[in-house]
Amino acid sequence: MTNMKLTRRDFIMTAVKGAAVAALPLSAFKILSPSEAKAAIKEANVRWGFLVDTHKCVGCGFCVKACKNENEVPYDVPVTRTWVERYVVLKDGKTLIDTPHGGREGFTEQKVQEKDVDPKNIAKAFFVPKLCNQCENPPCVQVCPVGATYQTGNGVVLVDRTWCIGCGYCIMACPYGARFFHPIHKVAEKCTFCYHRITKGMKTACVDACPFGARKIGNLKDPNDPVTKIVMTERIGILKDAFGTKPQVFYLGLDDNVR
Amino acid sequence: MIPEAAHGAELAIHGAEWTIKELFTYPNEYIYWTIQIVMYPYLTGLVAGAFVLSSLYHVFGQHELKNIAKFALVFSFALLIVAPMPLLFHLQQPQRNFEVMLTPHFTSAIAAFGMVYSFYMAIVASEIWFVYRKFFVEQTIALKTKEGIGNTLLRYLYNILTLGAYDVSEEALHKDERAVKLLAGLGIPVACFLHGYAGFIFGSVKANALWMTPLMPVIFIMSAIVSGIALCMLTDIVIMEWKKFRVKTSKKPWEMTAEEIGGAEIHIIKKTSTYLLGFLIAAITLELIDLIFRGYTAMKSWDILRTVIYEKDFNKIFIMQYGMGNVVPFILLLLPGLTVRRAAVAAVLVLFGVFMMRWNVVIGGQAFSLTFAGFMHYHLPIIPHNAETFKEGLFGALFMGVLPFVLFWIFNKIVPCLKFKQGEE
Amino acid sequence: MKSHVWRPLWVLLGVIALALVARHFVVPSDFGVGERGFMYGFHRKSNEDDWKAFKVKYLTKEYCKECHEDKYESNMASKHNLIECENCHGPAIDHPDNPAKLVIDKSRALCIRCHAKLPYPTSHRGEIKGINPDEHNPGEECSMCHDPHKPDME
Numbered sequence: 001m002t003n004m005k006l007t008r009r010d011f012i013m014t015a016v017k018g019a020a021v022a023a024l025p026l027s028a029f030k031i032l033s034p035s036e037a038k039a040a041i042k043e044a045n046v047r048w049g050f051l052v053d054t055h056k057c058v059g060c061g062f063c064v065k066a067c068k069n070e071n072e073v074p075y076d077v078p079v080t081r082t083w084v085e086r087y088v089v090l091k092d093g094k095t096l097i098d099t100p101h102g103g104r105e106g107f108t109e110q111k112v113q114e115k116d117v118d119p120k121n122i123a124k125a126f127f128v129p130k131l132c133n134q135c136e137n138p139p140c141v142q143v144c145p146v147g148a149t150y151q152t153g154n155g156v157v158l159v160d161r162t163w164c165i166g167c168g169y170c171i172m173a174c175p176y177g178a179r180f181f182h183p184i185h186k187v188a189e190k191c192t193f194c195y196h197r198i199t200k201g202m203k204t205a206c207v208d209a210c211p212f213g214a215r216k217i218g219n220l221k222d223p224n225d226p227v228t229k230i231v232m233t234e235r236i237g238i239l240k241d242a243f244g245t246k247p248q249v250f251y252l253g254l255d256d257n258v259r
Numbered sequence: 001m002i003p004e005a006a007h008g009a010e011l012a013i014h015g016a017e018w019t020i021k022e023l024f025t026y027p028n029e030y031i032y033w034t035i036q037i038v039m040y041p042y043l044t045g046l047v048a049g050a051f052v053l054s055s056l057y058h059v060f061g062q063h064e065l066k067n068i069a070k071f072a073l074v075f076s077f078a079l080l081i082v083a084p085m086p087l088l089f090h091l092q093q094p095q096r097n098f099e100v101m102l103t104p105h106f107t108s109a110i111a112a113f114g115m116v117y118s119f120y121m122a123i124v125a126s127e128i129w130f131v132y133r134k135f136f137v138e139q140t141i142a143l144k145t146k147e148g149i150g151n152t153l154l155r156y157l158y159n160i161l162t163l164g165a166y167d168v169s170e171e172a173l174h175k176d177e178r179a180v181k182l183l184a185g186l187g188i189p190v191a192c193f194l195h196g197y198a199g200f201i202f203g204s205v206k207a208n209a210l211w212m213t214p215l216m217p218v219i220f221i222m223s224a225i226v227s228g229i230a231l232c233m234l235t236d237i238v239i240m241e242w243k244k245f246r247v248k249t250s251k252k253p254w255e256m257t258a259e260e261i262g263g264a265e266i267h268i269i270k271k272t273s274t275y276l277l278g279f280l281i282a283a284i285t286l287e288l289i290d291l292i293f294r295g296y297t298a299m300k301s302w303d304i305l306r307t308v309i310y311e312k313d314f315n316k317i318f319i320m321q322y323g324m325g326n327v328v329p330f331i332l333l334l335l336p337g338l339t340v341r342r343a344a345v346a347a348v349l350v351l352f353g354v355f356m357m358r359w360n361v362v363i364g365g366q367a368f369s370l371t372f373a374g375f376m377h378y379h380l381p382i383i384p385h386n387a388e389t390f391k392e393g394l395f396g397a398l399f400m401g402v403l404p405f406v407l408f409w410i411f412n413k414i415v416p417c418l419k420f421k422q423g424e425e
Numbered sequence: 001m002k003s004h005v006w007r008p009l010w011v012l013l014g015v016i017a018l019a020l021v022a023r024h025f026v027v028p029s030d031f032g033v034g035e036r037g038f039m040y041g042f043h044r045k046s047n048e049d050d051w052k053a054f055k056v057k058y059l060t061k062e063y064c065k066e067c068h069e070d071k072y073e074s075n076m077a078s079k080h081n082l083i084e085c086e087n088c089h090g091p092a093i094d095h096p097d098n099p100a101k102l103v104i105d106k107s108r109a110l111c112i113r114c115h116a117k118l119p120y121p122t123s124h125r126g127e128i129k130g131i132n133p134d135e136h137n138p139g140e141e142c143s144m145c146h147d148p149h150k151p152d153m154e
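Residue numbers (my numbering), protein chains in the order written: chain A, 1 to 259; chain B, 1 to 425; chain C, 1 to 154.
Careful: at least some of the hints might be erroneous.
What the hints assert, rightly or not - Dumping the calculated PhoX-like pairs for lysine-lysine here, alpha-carbon to alpha-carbon at most 20 Å:
id : chain 1 : residue 1 : chain 2 : residue 2
1  : A       : Lys240    : B       : Lys206
2  : B       : Lys300    : A       : Lys94
3  : A       : Lys94     : A       : Lys115
4  : C       : Lys61     : A       : Lys200
No lab work stands behind these hints, which were simulated from the structure alone.
Given the sequences, and given the hints that come with them, work out the whole structure.
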């Protein structure tokens, strides 16, 4: 009797151990597996890049409107994937900056942050559209504790809405303020370069919406792409290069005052 | 058109509830990390500090600390369980928290923190097990003779807690002692690492001009130990004085023993406060070095940092943190003729000071915009009117502050660690 | 190894094993390291397809041309030819199935996005013909006097 018991118990123990051992290696190795990574890497021939021409932007805000509608970011909330900033540099050197509602209704007043500006005092004034820089070294991805945000092979940083825990570390890590919490999905939200459009051969919603061609998207790995040509031949700038994030959104006519 | 877009105005934007913006900030900028993120390093700090204090006895044989050591150990366990809860409260998707353990992305300080935390938890739990194993066995045996469901359940609990190790021979107990010593020793670097990691979470955010400094982990460790020691000291004083009070009110004077009237023992307090002072000096020195460097090197961010440090947050930093939290207790502890009461006041102030330090780092780090051209002001939600304002408001924080004591109270029923005077076992 | 000292270690190992088993069942099977390595590419692969499957809503002028040819032609022949129809009428989505009609926004706010005079020397905005909304026929819809599709004055 006792013997029987023992054997049955032993059997169960072995079965449990066996199951555990069988399950272990499979999942255990996925935590860190560079070999798997190597296998997955095939030389991608697309690297999405973006070009913003600040001379052309008139601050109509159609890009912000289109982005919000296209990507289902509620229109009335202040957070937004893309926005437009206004810089008014006065002759005395002072700089006035604002972005009312992210510029979604355009810029229709001469007042900047409720301050009157005398047109005669303006040395230069311009609009700067902003969006996620889809950095080559995205600090937001580096700090995600669970692998919910990542960079695709073609350089776009995306958020997995089913996996994001909403800790906000990525929001903190982005030097450009490009991230926020989606008011409905309650997860980190950011510009996707309209991934659903660019992968279908379309342009992003903001690029299509811009009447003046201030925004352009292109494949930086294609030397004949208009964006690549401009990036290669013109004098371009990037935002906050000191962070070493290597932004892939390039600016024409960037100014020292731009934040 | 798009249905969601229509009623965007009623939607809660995380952070908008308590952030007031000034001048030019990016549209997406809010104070996303709030009071719970202040509580989190504060509690981890207390854990680390309490553990280091208990190890001073177990490893370095500081016998004055014998009584406080056991208590500090169990208390640090209670704190340890609560420590990650503020993070949980602050998550937008708290039900997904387990992912940190299942798909840890180790380049993130938070993911690595999860691992270090679990490892540390294992160490503290094992150490408690070794310290109390003999007690568990004794209880299992003693409760056998007692009747009642409560006692039976308790016996089962103790039985499980023995993990089937009933050997309480001299030799076995000696092994336990060695294990405790080893674990306590191993625990010190891990405790420091754990808390250093909390510092690293902030220090490694290159986007944040105030947080980004390699000194951050070290500063965090030092202030952690300071706060941990202060908390143990304070709790010890309170408990001992409370016992004294109870004895006084319940017993006739001639029934009392000398030990019972004693209350908190001043020589323990003195010893503990020496350690407190040492670590306090280290902490202040590091913070000052950091400040001086920032001012001297005057990088691009210094303009806005200066405005925050010397103007906007002056009271919080120089009056509350350095003044009330550091200088005053420093003097209180250094003045000759230290009394228990004075030590208690100093401990409270130190705890307050460290809390303000966490506040000034976490909230202060978000007081200025990434644009360096604007500010954000934090208004702690007091009266909660929805889940969010409770979780990330005053009451959420108070809840976190009280929870360790509740847990400790429960633990103390199972593993009594306050029976100091009746001579250990 | 028979010593009781190792008991907590066994418990620990048991917990770890449990976590790994749980991981096996809970974590999606395509979760792993992607093209950009562990630091930047650790994710659930199928999420890329989730994003690709997102609904396209803005379809551009070429789409409107089919059915609103008159508007298209007149618009393309005008100075407003650079403006997308959907900027003023909202995203087409599945129009004319859903929504059956697009919005007609006659508000002045729509036009002054570009036409409120802002005297900005180094920006294209300064070059667009601007009016002062407070002085230029206030209170009246712009489309009363100007054709939004073909506003040309001559």
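Cross-check of the supplied hints:
Distance hint between lysine 240 of chain A and lysine 206 of chain B is fulfilled; the C-alpha atoms sit about 12 Å from each other, no more than 20 Å. Restraint check for lysine 300 of chain B and lysine 94 of chain A: the C-alpha separation of about 17 Å stays at or below 20 Å, so the hint holds. Between the alpha carbons of lysine 94 of chain A and lysine 115 of chain A the distance comes to roughly 13 Å, so the proposed pair stays at or under 20 Å and holds. With a CA separation close to 17 Å, the supplied pair lysine 61 of chain C and lysine 200 of chain A stays within the 20 Å bound.
The structure agrees with every numbered hint stated previously.
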